[in-house]
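Enquirer: Here is how the chains run, residue by residue.
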Amino acid sequence: MSNVPSNLKYAASHEWVLKNADGSVTIGITDHAQEALGDLVFVELPEVGAHYAADKEIAVVESVKAAADVYAPIAGTVTEVNQAAADAPESVNSDAYAAWLFKMTPDNLADVDALLDAAAYQAVADAA
Amino acid sequence: MLKKTVLNSAHRALNARMVDFGGWDMPVNYGSQIEEHHAVRMDCGMFDVSHMCPVDLVGADCRPFLSRLVANDVAKLTVSGKALYSAMLNEAGGVIDDLIIYFLTDTRFRIVVNAGTAEKDLAWMLAKAAEWKMDVTITQRRDGESTNGGALGIIAVQGPNARAKVWQVLPQAKAATEGLKAFFAAEVDQYFIASTGYTGEDGYEIMLPASEAESLWNKLKDAGVAPCGLGARDTLRLEAGMNLYGQDMDETVSPLDAGLSWTVAMKDDRDFVGKSALTAAGQQQQFLGLILLDKGVLRGHQKVITAQGVGEITSGSFSPTLQQSIALARLPLGVAIGDEVQVDIRGKLLKAKVTKPVFARNGKAVI
Chain A
-13 MSNVPSNLKY AASHEWVLKN ADGSVTIGIT DHAQEALGDL VFVELPEVGA HYAADKEIAV
47 VESVKAAADV YAPIAGTVTE VNQAAADAPE SVNSDAYAAW LFKMTPDNLA DVDALLDAAA
107 YQAVADAA
Chain B
-18 MLKKTVLNSA HRALNARMVD FGGWDMPVNY GSQIEEHHAV RMDCGMFDVS HMCPVDLVGA
42 DCRPFLSRLV ANDVAKLTVS GKALYSAMLN EAGGVIDDLI IYFLTDTRFR IVVNAGTAEK
102 DLAWMLAKAA EWKMDVTITQ RRDGESTNGG ALGIIAVQGP NARAKVWQVL PQAKAATEGL
162 KAFFAAEVDQ YFIASTGYTG EDGYEIMLPA SEAESLWNKL KDAGVAPCGL GARDTLRLEA
222 GMNLYGQDMD ETVSPLDAGL SWTVAMKDDR DFVGKSALTA AGQQQQFLGL ILLDKGVLRG
282 HQKVITAQGV GEITSGSFSP TLQQSIALAR LPLGVAIGDE VQVDIRGKLL KAKVTKPVFA
342 RNGKAVI
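If you're matching them up, the sequences are chains A and B in order.
Residues in the first sequence are numbered consecutively from -13, following this note's numbering.
Residues in the second sequence are numbered consecutively from -18, following this note's numbering.
Hints listed in this document are in silico derivations from the structure and should not be mistaken for laboratory results.
Errors might be hidden in some of the hints.
[As the list claims (entries may be wrong)] Quick list of simulated restraints, FRET-style, between CB atoms: (1) A:Asp55 x B:Met247: 28 to 38 Å; (2) A:Asp73 x B:Asn(-4): 48 to 58 Å; (3) B:Glu232 x A:Thr65: 19 to 29 Å; (4) B:Gln264 x A:Glu43: 38 to 48 Å; (5) B:Ala111 x A:Asp55: 21 to 31 Å; (6) B:Asn199 x A:Ala113: 31 to 41 Å.
[To be verified] Derived, one-sided and incomplete: chain A residues facing chain B with beta-carbon distance under 8 Å: (7) Gly24; (8) Leu31; (9) Val34; (10) Ala53; (11) Trp86; (12) Lys89.
[Said to hold, decoys possible] List time: in silico DSS-like cross-link candidates among lysine-lysine, alpha-carbon distance up to 30 Å: (13) B:Lys256 x B:Lys200; (14) B:Lys63 x B:Lys109; (15) B:Lys200 x B:Lys284; (16) B:Lys276 x A:Lys89; (17) A:Lys42 x B:Lys337; (18) A:Lys5 x A:Lys42; (19) B:Lys332 x A:Lys42; (20) B:Lys202 x B:Lys276; (21) B:Lys57 x B:Lys101; (22) B:Lys(-15) x B:Lys202; (23) B:Lys57 x B:Lys(-15); (24) B:Lys(-15) x B:Lys114; (25) B:Lys329 x A:Lys89; (26) B:Lys155 x B:Lys202; (27) B:Lys57 x A:Lys42; (28) B:Lys155 x B:Lys109; (29) B:Lys248 x B:Lys(-15); (30) A:Lys42 x B:Lys109.
Ideal Cβ positions, reconstructed from N, Cα and C, are used throughout, including at glycine.
Bound conformation, chain A alone (with noise of 0.2 Å):
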C-alpha cells in the first residue's frame, strides 16, 4: 500500500504539492506514483525561471520500464531544482515525498488549495 501524507496536497497527474511560509511550493511525485513506475533512472529537471501554467509538461521521470511526464499542478514560476534527485534517481523510489524534483512560486496561491487532498488522492490511487 502506498503512503499519502495528510499534510500535503495532490494532482490526480500523481504530484505531491507542500505549501512552504515563504508562499513557494515544493513539488513531487507520490508514493504510488513511484511504485507504478519501478526502478527510476533518469529524472529531467525544468529550467529555474521558466514559468508554467497549470497541467502543462514540466518534468520527466523515466524508470526502467517506461517514461513519464511529470505536470506543473499549478500555474507559476519555477525558483529552484533539486539536483541531487536528478543525480540519484534512485532517492525517489527510496522516499518520494524527500526527494521532492522542484520548487515554484505560485501565480495564485488559493489554486495550491483546490488541490486534491489525500483521502481524495487516495481513492484516485486506488482506482488506477
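We have chain A; now place chain B onto it with these hints.
Expert: Same frame as chain A, but now just chain B:
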C-alpha cells in the same frame, strides 16, 4: 478477462506487480527490476514463461515440413536434443514469429513460439501442413488451451548458478543435463530441460506438466533462486542483444534488416516461405546497438540521425550492467560501429555511439 498462467497465484503470493502483457496477467517485478536483473547476471533467477506456447510436431514429414516452413535450415539438426533458433516468414519475407525448434527424433520435434503470436502461428502451421499435404500432427501444449491433457508450464532458470540450483532441486536431472552444451534439450521423466534462454546467461528452460509447475517454482525459491519478472527479462535480453518480437521485428520487417541474417539459410537450393522476397529485396538497413553518451533513456521509436540518413530505435532502456542507456536500432547502410549519431528524445538531439548489437553476457559487459 486476462489469461493466467498456472503460477499466477504464486506470483500474487510474492506480492508481484502484475501487468497486462499481451492479454496475460504477468509479473513485471517482485519489488525491484534492477535487483532481479543483477540476480540473473551474478547468481540465479527464475521466470514464469508459461504464457509462451510449446507446439509438438509428430509425423513422418516433420523434416520436409519444417524445411519449407522456417528460414533457418533444420538440416543443421543432426543430433537428438539439438535446438535451432529461426524466424518463420510470410511470403513477403516479413517475420510472422521467431521461435526455437527442438529436434527429438525424425518424427518428433517441439517448437516454442511467442505468447502473443501463438494463435496466428498455429493457424499458419496448420494451413501450410494442409496445403503441402504433409504427414505431420501439430498439437499445442500451452496450459489453459485445448491440449488433450498435455498442458505444460515453463520456468526459465537463468544465471551462473542456475544449473547447480536446478540439480539441487531435481537431482534426477543431473546426469542427463550436466553434459548439455548451449542450445540442447534433454527429456527426463516428465521434464523437458533445455539449455536455452533469453538472458545471455547460462541456465535452463524447464517445461513440465502444468500441474507440477507451482511445486517446482516453490522448491527453486526455497533453494534461493530469485523470482524475476518480465521487466528484468526485457533488460537482460536487451543487454544480450536478443530480438524481441513485436518491437525489433514484425510482419513488416525483413529478418535481414532486423539483425537475423545469421538465422536465414539462403545459400543452398532449399526453398522456404519468404525466400524469394528476401532474395529480391536484399538487405535494406542494418541492425546495430547504441549507447547514449548524454543523460537520458533511449526508447523504441526514437529517431536516430546519422550522416547516412535517419534510422529508428526498436528497443531501448537503461542497462543495469552498464549503468547507461542502451538500444537496438535499425540504421541506414553505411553507418559504422564507433560512429557518433544523434537521437531525438522529446525534441532534443542527444549524442549516442554506434556499437555492436550486444552489450553484456555471462555476467559482464562486452562493449
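Enquirer: Which hint numbers does the structure go against, in order from smallest to largest?
Expert: Violated hints (numbers, rising): 1, 2, 3, 5, 8, 9, 11, 12, 13, 15, 17, 20, 23, 24, 27, 28, 29, 30; every other hint is consistent with the structure.
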